[in-house]
Every structure is written in C-alpha cells, then in structure tokens.
Amino acid sequence: MIINHNISALNTHRQLSSATNAQSKSMEKLASGMRINRAGDDAAGLAISEKMRGQIRGLDQASRNSQDAISLIQTAEGALNETTDILQRMRELATQASTDTNTTSDRGEIQKEMDSLTSEINRIGNTTEFNTQKLLNGSKDSATAATGATIQSGDVSGLFDTKLDGLDKMKLNGQDVALTDTKALDGTGTAFDIDDLVTALQDDIDAVYDGTDHGGVQFTVTKTDDGKGFTIENKATGATSTLELEASASTESLGLTADTTTKVSATGTEAGAGLQFQIGANENQSLTLEIGDMRASNLGLTGIGGGFTATTNVSNGTDSKGVESGLDVSNAKNASAAITVIQSAIDTVSAERSKLGANQNRLEHTINNLGTSSENLTAAESRVRDTDMAKTMMEQTKNSILAQASQAMLAQANQQPQGVLQLLR
Numbered sequence: 162m163i164i165n166h167n168i169s170a171l172n173t174h175r176q177l178s179s180a181t182n183a184q185s186k187s188m189e190k191l192a193s194g195m196r197i198n199r200a201g202d203d204a205a206g207l208a209i210s211e212k213m214r215g216q217i218r219g220l221d222q223a224s225r226n227s228q229d230a231i232s233l234i235q236t237a238e239g240a241l242n243e244t245t246d247i248l249q250r251m252r253e254l255a256t257q258a259s260t261d262t263n264t265t266s267d268r269g270e271i272q273k274e275m276d277s278l279t280s281e282i283n284r285i286g287n288t289t290e291f292n293t294q295k296l297l298n299g300s301k302d303s304a305t306a307a308t309g310a311t312i313q314s315g316d317v318s319g320l321f322d323t324k325l326d327g328l329d330k331m332k333l334n335g336q337d338v339a340l341t342d343t344k345a346l347d348g349t350g351t352a353f354d355i356d357d358l359v360t361a362l363q364d365d366i367d368a369v370y371d372g373t374d375h376g377g378v379q380f381t382v383t384k385t386d387d388g389k390g391f392t393i394e395n396k397a398t399g400a401t402s403t404l405e406l407e408a409s410a411s412t413e414s415l416g417l418t419a420d421t422t423t424k425v426s427a428t429g430t431e432a433g434a435g436l437q438f439q440i441g442a443n444e445n446q447s448l449t450l451e452i453g454d455m456r457a458s459n460l461g462l463t464g465i466g467g468g469f470t471a472t473t474n475v476s477n478g479t480d481s482k483g484v485e486s487g488l489d490v491s492n493a494k495n496a497s498a499a500i501t502v503i504q505s506a507i508d509t510v511s512a513e514r515s516k517l518g519a520n521q522n523r524l525e526h527t528i529n530n531l532g533t534s535s536e537n538l539t540a541a542e543s544r545v546r547d548t549d550m551a552k553t554m555m556e557q558t559k560n561s562i563l564a565q566a567s568q569a570m571l572a573q574a575n576q577q578p579q580g581v582l583q584l585l586r
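Residue 162 is where the sequence shown starts when you use this note's numbering, and the numbers rise one by one after that.
Hints in this document: simulated from the structure, not taken from any laboratory. Any given hint could turn out to be false.
[To be verified] In silico BS3-like pairs for lysine-lysine, Cα to Cα no more than 27 Å straight-line:
no., residue 1, residue 2
1, 186, 212
2, 559, 295
3, 559, 212
4, 186, 552
5, 559, 186
6, 482, 295
7, 494, 273
8, 482, 273
[What the hints assert, rightly or not] Here are the in silico distance ranges between beta carbons for each label pair:
no., residue 1, residue 2, range
9, 541, 576, 16 to 22 Å
10, 559, 171, 40 to 46 Å
11, 522, 482, 38 to 44 Å
12, 482, 339, 17 to 23 Å
13, 267, 235, 35 to 41 Å
14, 444, 292, 43 to 49 Å
15, 221, 568, 43 to 49 Å
All C-beta atoms, glycine included, are put in the ideal place defined by N, C-alpha and C.
I would like the entire structure built from these sequences, with the hints used as guidance.
This is how it looks when you write it as structure tokens:
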C-alpha cells in the first residue's frame, strides 16, 4: 500500500477536471447560443464566419442605401411631375395666344403668366433638394457638374463668315450668350490671331455675366498653351471648360475664314459625376444616376434673340429679379413657335422622369436581391457560428453526470489510504 502518491485520486481528479471544463464550455454555449465564443473554439470557423458577417452587414446596409436612393429619386420625380404640369399649362397658353381672336392686351396678360410659370420652373430646378443636395440644377449631371457651364458643340465656321449662317450663340452656365463681338471677326479672307478671338469672347460673355446678373457668376477666357483653343473658367468655383479649334491645315494661323469647316468641342477639365449609390457589400458595387438640368434655360424656355422677349422678366424663382428672357407670345407667329418649344421641353422632362422611374424600379429589384442574399448568407453563417441547442444540452447533461460521478469517485479514492491505519493496530 502507498500513501505518498494516491494514483487513483490523481486519475480521478484529472477526469473530474476534464468533465468540469467540458461542462463549463457546454454551459457557455447554451448561455450564448454560439458554438464559437472565442477563436480557440474553432479558429478556422471564426475566420470564415467573421468574413460572412462582414458581407451580411454590408448587404443589409446596401439595402438601406437603396431605400434612401429610391427616396431621392421620388423627390426628384415628384418635383418634375409639377414641372410637367406647368409645361402643360404653358403649352395651353401658347396655343391660346396663337389665335388672333386675342388682342395685344390679351397677349400681354398671357405673357405675364408665361413668364411667371417659367420662373416657377427655375425655382423648382434651383431649390429641389434631398438631404441638402440640389437635384435638378445640373449639379448631378456629369456634363455640367464641374462648372454648370456647357459650351454648345457644333460647326462654328459660320461665326467667322460674313453670311453668319452657322452657330451664333454659346450656352454658358445654362444661359445663352450671343456672340456679337465674335461676329466682328468676319473672316473675309484674312486670318486673325487667337488673342482677337479670346478678347471678343470675353466681351460677349461679360455682356451677359457682368458680375451682378445670374447670381454674380463671372467667367474669364484665356487661350490654351498651344494657342489653338481657349479655356473658360468659372471664377466662383475655379472649374474650367477647354475648347480646341480644329481648322484646315492649308489656312493661315487658325484658318478661321469663310472657307473652313471649323469645329468646336468642349471637354471639362474638372468633369463632374452623377450620383453614386452603393448597392452592394463590396467595392465597385454601385449604381450611377445622372439627373439633368431641368431649369428653364436648359429646357429651351429662355434665351436670347428671336422667339424670346426683349425684356428679362423671368427670375431664378427665388426672388423677383428678372434675369432671363422667356418665350415670346406677343404675336401669333411667336406663340405658335412657342408651342413646339414647349412640347420639346415636355418631352425632355418626360424622358428624365422615365429614366428616374426606370432606376427606381431597378432599385426595388436590387433590394429584393440584397434581402435574399443576406438571408442565405445568414443561414450559412449560422451553421458555422451558432450552436445546436439540443445537441449541446445533451453534451452538458453528460458532462454534468460525469463531473458528479468524478466527484464521488474522488471522495472514494481519498479514503483508500485510510486502510494503512488498520496496519497500525
């Protein structure tokens, strides 16, 4: 008999410790509902499930992003719905003014309503916002977002032709700029320096943007480094649009004469971008939406020259100061022509609304897809991370019985050395 080392007690104690630890882990799993509570429980499973959790939370957030995007689209489309109603009324007024049963005084009253409605279209375009972001002023359109400045593209040889049968105006910041001084460079056969063109363009632009009209926006014109084009800079934002002139190689200087077919093209050096909606859990899983400029000038409802009023009675919609000339309905001819212009504007707005509606429908399907993906991935993550309560309860019961049995056997093992005392009697 040995008393220094009670092997039976040591063995029983080891078994008791093992059963107790297993019981403790089973109770932890039952209490948390998780099979993996720490990396030691399943290192590989933890890494896999954490990656899945990142995807699941990303998908759920993407679904919320899509819901917000739909709200934004509905805001813009709701505003354009009112713009459409206004345009329909303007078309009705133009049709009314087209008949000579109206007197000059009658058409004057119609003109007042036309100008007022045009100002309201400007107000809607300038003030419609979602989360403080303006939606309909062209700032969410990559073609105009950099400066709000659009240089009209086309064959401009007529600008330098004594017949002036080409383009005779430029659209800048949504406003038509008559190229009056530029026309003075009539190209009667003598080529001129690019500096002459820059000076003439600056004078034409200053005639419209004098620092007080149109929100105080000012533009400067400078020639490009290669001397074959010019850059227009928005002084308020610092953004620019550069135009390169392409002419016949056989002409002198820039060759801007009556015989050339000079073209002008615009590229923004600080091109804007449309709205980007993150509709996925990972990088580059996004949807881009561009919303065009829905203000009066971009719809062709204001401008300079024939078909427009001589006075600037159309405001930007936020005050009563007239800054643009609206469609002229003072006589039957102009009023009749205005019908076509307004119909074109209706078509433009309808096309924009159709695009918004299509994207809204797409986002609704996106939300459904994200929900399905999140659900299936959650099920997969659950199989890795969650515990089977029934199985764990069975293991806990087993470990509990083993622990109790081990405790009883440890007590018995500790009593065995007491037999030595019988030898001392």
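A quick look at each hint next to the structure:
1. 186 with 212: Distance ~24 Å between residue 186 and residue 212 Cα, so the pair holds.
2. 559 with 295: violated, 66 Å
3. 559 with 212: violated, 34 Å
4. 186 with 552: With Cα atoms ~13 Å apart, residue 186 and residue 552 stay inside 27 Å; holds.
5. 559 with 186: holds, 13 Å
6. 482 with 295: With Cα atoms ~21 Å apart, residue 482 and residue 295 stay inside 27 Å; holds.
7. 494 with 273: holds, 18 Å
8. 482 with 273: Since the Cα atoms of residue 482 and residue 273 sit roughly 14 Å apart, the hinted pair holds (cutoff 27 Å).
9. 541 with 576: 16 to 22 Å: This hint is violated: roughly 54 Å between Cβ atoms.
10. 559 with 171: 40 to 46 Å: Violated, at about 23 Å.
11. 522 with 482: 38 to 44 Å: Because 41 Å falls inside the window, the suggested range holds.
12. 482 with 339: 17 to 23 Å: At 21 Å between Cβs, range holds.
13. 267 with 235: 35 to 41 Å: holds, 40 Å
14. 444 with 292: 43 to 49 Å: Because 23 Å falls outside the window, the suggested range is violated.
15. 221 with 568: 43 to 49 Å: Check passed, 48 Å falls within 43 to 49 Å.
In this structure, the earlier hints numbered 2, 3, 9, 10, 14 are contradicted, and the remaining ones agree with it.
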